[in-house]
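Basically my numbering = 1-based index in the first sequence + 27.
The set of hints was computed from the structure by calculation and includes no laboratory data. Please note: incorrect hints may appear among the correct ones.
[Unchecked claim] Label pairs and their in silico Cβ distance ranges:
(1) 205 / 158: 15 to 23 Å
(2) 47 / 97: 38 to 46 Å
(3) 284 / 259: 40 to 48 Å
(4) 161 / 451: 47 to 55 Å
(5) 48 / 190: 18 to 26 Å
(6) 236 / 196: 17 to 25 Å
(7) 488 / 193: 25 to 33 Å
[Unchecked claim] With a straight-line cut-off of 27 Å between C-alpha atoms, the simulated DSSO-like cross-links for lysine-lysine are:
(8) 399 / 417
(9) 58 / 121
(10) 362 / 417
We put the CB at the ideal spot given by N, CA and C, even for glycine.
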Amino acid sequence: MLHPSTVSWTALITAYMDAGRVQEAVGVARKAFASGMRPDSFTVVRVLNACARVTDLVTGEAVWRAAEQEGIAGSMFVATAALDLYVKCGEMEKARAVFDRMQNKDAVAWGAMVGGYASSGHPREALELFFAMQAEGMRPECYTVVGALSACTRLGALDLGRRAVGMLHCDEVLDNPVLGTALIDMYAKCGNTGEAWTVFQQMRKRDIIVWNAMILGLGMTGHEKIAFALVGQMEKSGMTLNDNTFIGLLCSCTHTGIVRDGQRYFRNMTQLYRISPRIEHHGCMVDLLSRAGLLEEAHQLIEDMPMQANAVVWGALLGGCKIHRNADLAEDVLKQLIQLEPWNSGNYVMLSNIYSNSGRWEDAAKLRLEMKASGVEKVPASSWVELAGKVHEFRVGDKSHPLSDKMYEKLDELGMEMKIMGYKPTTEVVMFDIEDEEKEHTLVHHREKIAIAFSLLTTEPGETIRVTKNLRVCSDCHTAIKLISRITNGEIIVRDNNRFHCFRDGHCSCNDYW
DNA sequence: ATAGGGTTAG
Numbered sequence: 028m029l030h031p032s033t034v035s036w037t038a039l040i041t042a043y044m045d046a047g048r049v050q051e052a053v054g055v056a057r058k059a060f061a062s063g064m065r066p067d068s069f070t071v072v073r074v075l076n077a078c079a080r081v082t083d084l085v086t087g088e089a090v091w092r093a094a095e096q097e098g099i100a101g102s103m104f105v106a107t108a109a110l111d112l113y114v115k116c117g118e119m120e121k122a123r124a125v126f127d128r129m130q131n132k133d134a135v136a137w138g139a140m141v142g143g144y145a146s147s148g149h150p151r152e153a154l155e156l157f158f159a160m161q162a163e164g165m166r167p168e169c170y171t172v173v174g175a176l177s178a179c180t181r182l183g184a185l186d187l188g189r190r191a192v193g194m195l196h197c198d199e200v201l202d203n204p205v206l207g208t209a210l211i212d213m214y215a216k217c218g219n220t221g222e223a224w225t226v227f228q229q230m231r232k233r234d235i236i237v238w239n240a241m242i243l244g245l246g247m248t249g250h251e252k253i254a255f256a257l258v259g260q261m262e263k264s265g266m267t268l269n270d271n272t273f274i275g276l277l278c279s280c281t282h283t284g285i286v287r288d289g290q291r292y293f294r295n296m297t298q299l300y301r302i303s304p305r306i307e308h309h310g311c312m313v314d315l316l317s318r319a320g321l322l323e324e325a326h327q328l329i330e331d332m333p334m335q336a337n338a339v340v341w342g343a344l345l346g347g348c349k350i351h352r353n354a355d356l357a358e359d360v361l362k363q364l365i366q367l368e369p370w371n372s373g374n375y376v377m378l379s380n381i382y383s384n385s386g387r388w389e390d391a392a393k394l395r396l397e398m399k400a401s402g403v404e405k406v407p408a409s410s411w412v413e414l415a416g417k418v419h420e421f422r423v424g425d426k427s428h429p430l431s432d433k434m435y436e437k438l439d440e441l442g443m444e445m446k447i448m449g450y451k452p453t454t455e456v457v458m459f460d461i462e463d464e465e466k467e468h469t470l471v472h473h474r475e476k477i478a479i480a481f482s483l484l485t486t487e488p489g490e491t492i493r494v495t496k497n498l499r500v501c502s503d504c505h506t507a508i509k510l511i512s513r514i515t516n517g518e519i520i521v522r523d524n525n526r527f528h529c530f531r532d533g534h535c536s537c538n539d540y541w
């Protein structure tokens, strides 16, 4: 028999939750537990759910401990709610510990775990789990497939994504806007806008997020005209544009460098549509202006923003500095970035390259010390290729792959052809590049080149090659891959840590803006 | 009854 006070506490908490006042719900829960409430599993689930929504790990963990004491932690519902709490707070190891201890796991628990890994920057673990689930005889359903697709998007693993979605019935996909969004996003971000478009057209239920994903997908891949037209169609079909629609529009303008249109959309958004720009919108504008070379205006926009600039906004300005070779401004920006994300080694490396390039050896040395002192570790460069459903990874300094010798041979062979075409390998790292620790052969054997060599050895001539890497493509590799695409007469798609490059016949889809 | 999902600027 439940204690009556538990029932009324629960009712109160639930009422706050239903009213969308999650923070207050958590506050009430804290009071309830402090007053010695004996929780039942229903209450615990509700409270854990609320804590997850506001990422209140401290309260959530206290509740989870209380549940353990009460002997209700074994409930699948309670455990799943705790797992979700950890996922939402980015505590994947703790989430995994809860997951591993669960005796019965249903599709919800698996789905939460797969999705959690995917959204927290562990896409490979997400896919591992997705396959482990099937090995245990569970049929993949919508929720786990959404998580798997999201992981594939991050990995650029197009075939695995296709396979994952192929496990569902076609109807299930076309009737489910959540799945549709994940699928459209995956195709677009893997450089396959055509297939994204096909899915979009076939979808039977399209909510605003589906439309926005398609608009953004088009804008990011250089189909800005279609993106603009789609927004028109969207309005005609009675949808109201929202803040994310404008992200897509502004991105489209950025990709083609049409500053005037971008400024117009930005104005219309606030004045006509009464949407107040978030930091993301300002970021798009900074990006748009910076790429167009209007660095001062972009800098001014950051100063005038009603909110504090974050790393992304400064990053956009930095991007402009790179394109327009403005080392002085870049120095200021990088200092800001180091303040904002002191853990990001890329910023230190880039700044140190700028110093070295202008002969400021002392500054460079000082920076290196600073980096060491703050315990920042460089992210080892790594690239990977998907082949027949298996992800082959190539890390710096790792020659353990069975085809290793052949890959280096292939690279040498390509190198000779490239030389004939006038390619001069850069032996020094360029000012704004971030990989400088690959000592083997200066830049000649960067991971993405190794990965491409691997792909050339394992695919049919002319077949599209897809490589994904964890850092930015360096300028030398970018030039080299353009030439390789001409030599092999095939398409090479390289996914960066933030965009993709589609190389074909000596040309790249990013128009050398990256 | 009670738990889980998609898009979002460098």
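These are the hints, each one checked on the structure:
1. Checking the proposed 15 to 23 Å range against residue 205 and residue 158 shows it holds: the Cβ atoms sit about 21 Å from each other.
2. For the hinted restraint 38 to 46 Å between residue 47 and residue 97, the CB-CB distance of approximately 28 Å leaves it violated.
3. For the hinted restraint 40 to 48 Å between residue 284 and residue 259, the CB-CB distance of approximately 22 Å leaves it violated.
4. For residue 161 paired with residue 451, a C-beta distance near 49 Å keeps the hint of 47 to 55 Å intact.
5. For the hinted restraint 18 to 26 Å between residue 48 and residue 190, the CB-CB distance of approximately 43 Å leaves it violated.
6. Between residue 236 and residue 196 the beta carbons are some 22 Å apart, a value that agrees with the proposed interval 17 to 25 Å.
7. Checking the proposed 25 to 33 Å range against residue 488 and residue 193 shows it holds: the Cβ atoms sit about 27 Å from each other.
8. For a cut-off of 27 Å, the pair hint linking residue 399 to residue 417 is broken: about 36 Å separates their Cα positions.
9. Restraint check: the Cα-Cα separation between residue 58 and residue 121 comes to about 26 Å, which is no more than 27 Å; the hinted pair holds.
10. Our distance criterion of 27 Å between C-alpha atoms is broken by residue 362 and residue 417, whose separation comes to about 40 Å.
Going down the numbered hints, you'll see the structure goes against 2, 3, 5, 8 and 10, while the others check out.
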